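Asks: The listed protein sequences derive, respectively, from chains B and G. Add 491 to the 1-based position in the first sequence for our numbering, that's all there is to it. Add 491 to the 1-based position in the second sequence for our numbering, that's all there is to it.
Mixed in with the good hints, there may be bad ones.
To be verified - Calculated lysine-lysine pairs in the DSS-like style (CA-CA distance at most 30 Å, straight line): (1) K660/G with K561/G; (2) K508/B with K813/G; (3) K658/B with K636/G; (4) K656/B with K610/G; (5) K764/B with K658/G; (6) K561/G with K658/B; (7) K813/G with K851/G.
Simulated from the structure, these hints should not be mistaken for lab results. Computed from a prediction, not measured in an experiment: that's the story for all the values here.
Protein chains: 2
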Amino acid sequence: MAFTFQINNDVNFTHNKELLKKAENLKPKLQHTSIDAVDTVTIIKDSTSLGGYSVRKMDKSNSLDKPLKKGESVILDFGNHHVGHFSVHIDSVGSPMDAPLTLRIKFAEMPIELVKDSKDYTGWLSSSWIQEELIHLDVLPTVLKLPRRYSFRYVELTVVDTSPKWKAKFSKPRLETETSVDNDKLNSIKLDDPVLAKIYKVGLKTLQDCMQTVFEDGPKRDRRLWIGDLRLQALADYSTFKDTTLVKRCLYLFGAMAADDGRIPANVFTQPKNTPDDTFLFDYSLFFISILDDLMKFEPDSTILTDLYPIAKKQMNLALNKVKKSGELSLDDSYPVFIDWSNAFDKSTAGQAILIYTLKQFINLTKLTGEDITIYQKKLNTISDFARTSLFDKNTGLFVSGTKHELNIASQVWMVLAQVMTDDENKLIMNKTISKLFPVKNIATPYMYHHIVEALFVSGLKEQATILLKQYWGKMITLGADTFWEAFDPDKPNYSPYGSPLLNSYCHAWSCTPVYLIQRYLQTEK
Amino acid sequence: MAFTFQINNDVNFTHNKELLKKAENLKPKLQHTSIDAVDTVTIIKDSTSLGGYSVRKMDKSNSLDKPLKKGESVILDFGNHHVGHFSVHIDSVGSPMDAPLTLRIKFAEMPIELVKDSKDYTGWLSSSWIQEELIHLDVLPTVLKLPRRYSFRYVELTVVDTSPKWKAKFSKPRLETETSVDNDKLNSIKLDDPVLAKIYKVGLKTLQDCMQTVFEDGPKRDRRLWIGDLRLQALADYSTFKDTTLVKRCLYLFGAMAADDGRIPANVFTQPKNTPDDTFLFDYSLFFISILDDLMKFEPDSTILTDLYPIAKKQMNLALNKVKKSGELSLDDSYPVFIDWSNAFDKSTAGQAILIYTLKQFINLTKLTGEDITIYQKKLNTISDFARTSLFDKNTGLFVSGTKHELNIASQVWMVLAQVMTDDENKLIMNKTISKLFPVKNIATPYMYHHIVEALFVSGLKEQATILLKQYWGKMITLGADTFWEAFDPDKPNYSPYGSPLLNSYCHAWSCTPVYLIQRYLQTEK
């Protein structure tokens, strides 16, 4: 997720057994559905689709009935994005099988992944993520059941080698899906706008395919629980599946495995055992508070509040230690603020805003526990005052960031979300943002776009929010998305942060939020 | 084995259920031994070894204790050639495992296989035989147990990719051997000549590693029952393990699955079910007779004789149909004679000799059954007379072959083995062969060398036989053989019939015969 690898081998972590046991008890039973491949397809050039390629359905003569010789391949289309296990029946046709079969199987979320050769990948992220297997089978017929889980719509089967005496014949390609939630149990939603309806549907599939034994960030790549993604997934979940069990499990996992100094890590692993990652992000640690507060608002639960409030408090106290007397947040590289992948803008004001945003939520949690809020209310006032007096530039009507008084979108968006100013002022700020800083440039994450859209909604600019939502997420659908992507810059649709679409995650948790935005800001009147 | 692929899809085969059931009942229980890797080694240039490379033991600092990062590899040495299943424990060291491990595992019988990159292989034989796997592991630690069987002494583990945050650590590399015979049960043999002693030991290991649920031709490549290999393996087995059960099983397999016209195929498959190959070789079909007769001489068994004599008779009758009135054998491309891989010499006289060789054995079998031999004895006389009068050239004292009256070693060797002439004449022929046709040139198979050496022994040239045996098989040992090879031309030690040592079988059944030759011709006086 973050571009810079943090390696903090020297950090020790607590493993709170009681909380880990609670997390274990909340572990969902995964649900499975068998799906047969819908079609065999071929890759075609298509300038309207991502990377310039889409697929065309094959006519029947090119279907699986034809045995494949050395070098031949077939592409299966399962009709939609899914997560799960693949199996296929394979037989030999011709003379007896006098050599093993060498088979390459490539799984793809988007057609462009099938165009790129994995041998050409030289990016900085591990090539181990490329969903491709090379398999030798000594004896046919067999039912090949791959043990690993993949995230895909397309499967390419390539016969790397047989012998001149026989060919390989494939049949019954099947996918056993894997997710912790059942789409069928959802109440349907009626949206008159067909673009919004499509965006909602794709967002819902994105969320579903990321809901496994934890909220994963991406079922293809990373496949783990990040707290920044969890916050948005939980909000999307409350608008749709309403599965608070999985949210609680994830909160317990983070709460159980803080570093010895109290900081909650940015992500945790759950295989082969629960293990915190040695990556720390200032805003991500604070979002533990945010997720707990969002949960209390959706479904109050005194047990989890009692269990996790002390840990939330620790995050806030650690954060407040970074605040100067003046009320200015001052961070260093050891505990950076994330805000967005891009490091091309100054993040200090957005960081200050996230502290305010989460401090307000923390005060709410403190009230729920009955503890004294005085000291935190004072801090909130000081930090907010600093923002209003020292970070807000009356000349431009916008927040500035850093020593160079940089104007950027993230500062405005987070200050609006933190409601540092009045509603009217927020509306003015966002209007100024639109006039001075739009169109959005050099932002490649649905994560940042989510916050921009939500800030527009929060400040009363519903029309502009809806336009941006439809433009950004709608463009992915136009380009062929079945689920929303980890990275997308509309000005550079083929951009990959990893140097190859093979490494991109085309179903990514933090991009599922249109379901939340639509339900919260566009459905309330119904 | 043969250079030319035969594809005879239109041939139908019988499947004699009764005989197949007998074959099944004789199926051996495989024996297993756990072996830990002896050393970690590194490849070194060594002009005295096969292909110019051998291995050097690593010092302790380079052992498995060191975790491996992306691109690093380690070579395990199991100390000798083995056949079986490989397992290794793998853990991650460093930060939590934030990407799958991509691991390449390459198995090698000889160091040269580790020098060659399988990506460069472009030969005509299926690359599927290359003993290399590419494996992705999502969760560490794990015990990786590969499901396939390999034939190897060396295992190279290469970490293709991890992530910058952790390394892979390997431990407990282990091999579970697989063979149907137990070396420990053998009576030891004392040979004063250290070269012969070494040759005997390596030949015995070759035989053992090829003895699986059938006599395989090569446990690395082909892995199936060829009748030409079986004949030599059975002879070697009678001199060593004396496991007639496996010989009988293999005879029943061939006997049960002749083509509709009666011909026994050159090889059969036993996985996933008993299946005859659609390859036919004139001499190989006749060797069914030879193997049955050799068995009766070693261990008379009236049941198997009764069961299989009619099938042996069919082979002979089919062969005799190819004989002209003059007594000349006349073959065409639909049923070629093998003799040797090389197609650079005329094979007609050698084919005539093999017919005589096996007809004599067939007459012996017929006598055992009590049936009338008259007609076969007459045929034998005619065919032998033709050889003596029309194929033997009195001027040179050697047999000629083909319309161009070619002089080649194979003709002399097989005529001597068939004992067409008197013992004295045979000795003269082999002496002339030595003076006119030696040194042996352009023969690359231990199969042909075996028959040359045996012809020398049979004709009383024990010293010359021993010299050739030691020169040929001893040279393989000098070049680093732990088991004897499928192909070896001493003049071109790096020759591969497949264009790459990656495809060569360095443990091959038809090269194990020194154990038989030594026991039969060099141990009789003890």
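Asks: Out of the numbered hints, which ones does the structure contradict?
Replies: Of the numbered hints, 2, 6 do not hold.
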